[in-house]
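Trainee: Letter by letter, the chains look like this.
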Amino acid sequence: MIINSVQRDIVLRQGTSGLRSKSYKEKNEQNMYDRGYSAEYCGSFTGKSKPAATFLDKILSSNWFGKFSEYSYKHNISTSSLIALVLAGIMRPATIMSLPGKKDKEDKIYASGHAMASGIIGFIVSTAITSPFDESIKKVFDKNSKFTRGKFKAINEKIAELNIKKEAGTITKEAKKELKSLIRKRDALNTFVKNIPDWLIGIPRAMLTIALIPPILKYVFGLEKKKKKPESQQIQEQPKMNFITKDIFKNIKGGVQ
Amino acid sequence: MALSPLNYNNYNNYNNNRQTFNGKGLDKAEKLMSQSGSQTSGLFAPLEKQYDKFTDAIADKFTSRFVNFGPLTWLSEKLKNTNNLLQHCLTVGAVLTSGLYMQRTYTNKDLDEDRRNTLVVNQGLTLILSTIGAYALDKYIKSWWENVTARFAGHLLNDQDFYTKFKNQKDAIIAENKKLKAQKAELKPLPDLEKLITKHSYFKSLSEENATSLINKTKGMGLLRTMIVFGFVYRYFVPVVVTKPANKLCDMYLQKKKEQNTQKA
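These protein sequence lines map, in sequence, to chains Y and Z.
My numbering numbers the first residue of the first sequence as 12 and each following residue consecutively.
My numbering numbers the first residue of the second sequence as 13 and each following residue consecutively.
Derived by calculation from the structure, the hints in this document are not laboratory data.
Don't take every hint at face value.
Derived CB-CB ranges, DEER-like [claimed, not checked]: (1) Z:270 / Y:78: 34 to 42 Å; (2) Z:176 / Y:192: 32 to 40 Å; (3) Z:126 / Y:153: 55 to 63 Å; (4) Z:54 / Y:185: 33 to 41 Å; (5) Z:54 / Y:116: 48 to 56 Å; (6) Y:78 / Z:125: 51 to 59 Å; (7) Z:270 / Y:135: 27 to 35 Å; (8) Z:104 / Y:192: 19 to 27 Å; (9) Z:222 / Y:168: 32 to 40 Å; (10) Z:176 / Y:154: 54 to 62 Å; (11) Z:86 / Y:154: 21 to 29 Å.
Quick caveat: nothing in here was measured; it's all calculated off a predicted structure.
The beta-carbon is built from N, C-alpha and C at its ideal position, and this holds for glycine as well.
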């Protein structure tokens, strides 16, 4: 048989009928029986469970997580308030609303709105106020900063000097200890400087939150807390014993006079 | 034109015309992307310039002076060896905010004196217990979180075995320390993750900027743990789980006190 070019092409490029394609089972046999979990490790998130570990790896290897962790290092207060926003603004209202009890539904809605409003205000205020400070801290703590002065400048210079000695391998044991101590002191300073603004804005932020919650609840969430009536007004009026004045009782005579 | 079978194949066979991916354009694309990322758009450039000037002024007039502030440098010197500095900072923040709420409760004229006092004590006790709980939870998950950080570092270092090596090393020392503890001998220090990262060949190959960014990312993980734990306790667990039973206990106490007073009268 003469093989023409079309037939030749079929034979070479598309395979022969003798090479049958693999079935789904054959192709996926390995994966079908390895679903990533076992009775031994099911359900844990400790890294032993394969699906959990894969999920964790997916998050950890993602670009956004790397950026988020760097952001957490640079902006402590803003990240704290972002976490608070997720917890107080989403998880807390969801939990409050899913709790049983129909009687206090209005209270639950109010509590949820309150939590959401405080989470949102906390995040906006914290981020807006502390972001410029965080940027300035970065500029001061930068290796080649032009904003260092006084004792802090001396610490930086000493660290740089000891680091050069360390890299050259001429550092003594005592100098190594001193370097470690100075780096720790600078790190502690960094943590304080990043977090002290939160102490300073903590009280005004809480006051602002308290003041802004009612209008936010009213205009954003359409909620308005009704003032509870005082107990005296809540007590239902007792039915008066006015039957004595009726004619039938007036005619009854007797008793001690 | 009449197509011979050979020509027919040449025209229709997609293999002849398909596009190949040789990666030559990648370098150009990367260059363009990095350029566009570093350049600010014309619209925001003046705003960013102003913001930069503003933060320069804060750095010059405030932050550079603040880092030299006597009590602050003294405190840093005293607390430089503590591993819980961020935890202490978050606690101070919580104490200040809760203190404000306690003060407002104490001066609330709509509540009677007994109720005011009990509520203030209730808020104070809740704060103390939740702070202890936050420290305990933070400590409890510290080792597990360190393993997660090692996993994260492995991804950053493009080294799939980094996590396994770190964990094996750590587990071996923990097991050894258990034996040493029984013998009342000196315990071995656990592997230092930051040191292992900085000694890694991939880390050494990075530029200074990228190396700093990588270290900041792993340091950020440690901070994230504390922020999540303290945020969870203060902003979720306490308001949802603790507040209601605490208020009920408070009501029960007040009711009991009221009954005792009426009995006396």
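Trainee: None of the hints should be skipped; say for each whether it holds.
Mentor: Checked hints:
1. Z:270 / Y:78: 34 to 42 Å: 57 Å, violated
2. Z:176 / Y:192: 32 to 40 Å: 34 Å, holds
3. Z:126 / Y:153: 55 to 63 Å: 57 Å, holds
4. Z:54 / Y:185: 33 to 41 Å: 55 Å, violated
5. Z:54 / Y:116: 48 to 56 Å: This hint holds: roughly 53 Å between Cβ atoms.
6. Y:78 / Z:125: 51 to 59 Å: The hint (51 to 59 Å, Cβ to Cβ) holds, given that residue 78 (chain Y) and residue 125 (chain Z) are roughly 53 Å apart.
7. Z:270 / Y:135: 27 to 35 Å: 43 Å, violated
8. Z:104 / Y:192: 19 to 27 Å: Holds - the Cβ-Cβ distance for residue 104 (chain Z) and residue 192 (chain Y), about 24 Å, lies within 19 to 27 Å.
9. Z:222 / Y:168: 32 to 40 Å: Given about 25 Å between the Cβ atoms, the range is violated.
10. Z:176 / Y:154: 54 to 62 Å: 34 Å, violated
11. Z:86 / Y:154: 21 to 29 Å: Given range 21 to 29 Å: holds, Cβ gap about 25 Å.
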